[in-house]
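A.B. asks: Sequence:
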Amino acid sequence: MEVSARKPGTTAAAASAKTGRPNAKDNHKQEHKHHHTQLGIDEKVEQLGKKESVEQDEEGEEETRQVKRYQLESKVENLIKQAKVASFKEICARVGVRSREEIGVVLEKLQMDAMIVQGNWVVRSGYENYSKEERRQALARTYLMCLFQRNRIIDKKQVVQILKLDYESTRRILTDLSTCVGKGKWEFRKKTDIEFIEHYPDIVKEHAKKIAELEKNMLKILAG
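Per the UniProt record's numbering, residue 1 is the first one in the sequence shown, and the count goes up by one each step.
Hints are computed from structural coordinates only; laboratory data are not their basis. Using N, Cα and C, we set each Cβ at its ideal position, and we do this for glycine too. One should not assume that every hint holds.
[What the hints assert, rightly or not] EDC-like cross-link-like pairs, simulated, lysine to aspartate or glutamate; straight-line CA separation at most 20 Å:
hint, residue 1, residue 2
1, 156, 108
2, 75, 108
3, 210, 113
4, 164, 176
5, 156, 166
6, 220, 134
7, 209, 113
8, 75, 43
9, 75, 59
10, 209, 198
11, 81, 43
12, 191, 90
13, 84, 113
14, 220, 108
15, 185, 206
16, 84, 176
17, 191, 155
18, 84, 168
19, 75, 113
20, 183, 155
21, 157, 168
22, 81, 113
23, 68, 43
24, 210, 108
25, 185, 166
26, 157, 187
27, 183, 198
28, 209, 102
29, 89, 73
30, 183, 166
31, 205, 108
[As the list claims (entries may be wrong)] Distance windows between CB atoms, simulated:
hint, residue 1, residue 2, range
32, 70, 208, 39 to 49 Å
33, 83, 135, 15 to 25 Å
34, 124, 67, 41 to 51 Å
The whole structure should be built from the sequences, with the hints applied where relevant.
C.D. replies: Encoded structure:
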């Protein structure tokens with residue numbers, strides 16, 4: 001039998017190259033390299049999985065926030081329509097506000113559906129899909145809101161000629177916003193909300209400007 005002898009100084013790698021057969025050391029290197037490659041792939045797959053999971057969680061959280069926001073906005077809208085006049089503190093308490101974020105949502109919704117009068121929120125008068133008489137009543141109501149913003153108490157006689165409505169319609173609109181305090185005097189339903197006025201001066205000023213413009217426009221329309 002022939003025995004293949006390795007010349008002195010010949011390395012295992014060189015011998016392997018001559019014979020064309022990998023030795024144990026080469027096998028170990030290849031296995032080690034394959035192991036690291038597989039680890040790298042596994043880590044990337046794991047990272048991608050974590051990233052996808054985080055994105056799904058974020059999407060789920062955002063969807064939940066949007067649903068909660070919509071539910072809160074619906075509560076605010078229904079409340080102000082039913083109450084007609086309410087303080088900000090009352091609204092927040094009744095819709096169950098629990099955070100600053102929710103306070104922001106309530107404020108945004110109120111500014112869409114209501115106007116500030118004496119620091120309180122009064123539901124806007126709607127004009128769409130109304131008959132001519134109903135539209136005039138809505139305009140008259142808006143005009144009264146403007147008057148109550150300037151003065152807590154108004155004289156019924158001073159507004160009757162401007163409103164040009166029948167007795168029942170005039171009384172109904174006045175009752176919607178105020179209380180009779182005797183001798184033709186009507187006082188706004190809610191106490192002036194000083195706390196809200198001081199806490200949100202920018203919003204109050206913005207609405208005061210809008211009401212001032214509204215009063216001019218309403219007066220022109222009603223006098224026409």
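A.B. asks: Looking back at the hints listed earlier, which ones does the structure fail to meet?
C.D. replies: 1, 8, 9, 11, 14, 15, 23, 27, 28, 32 and 34
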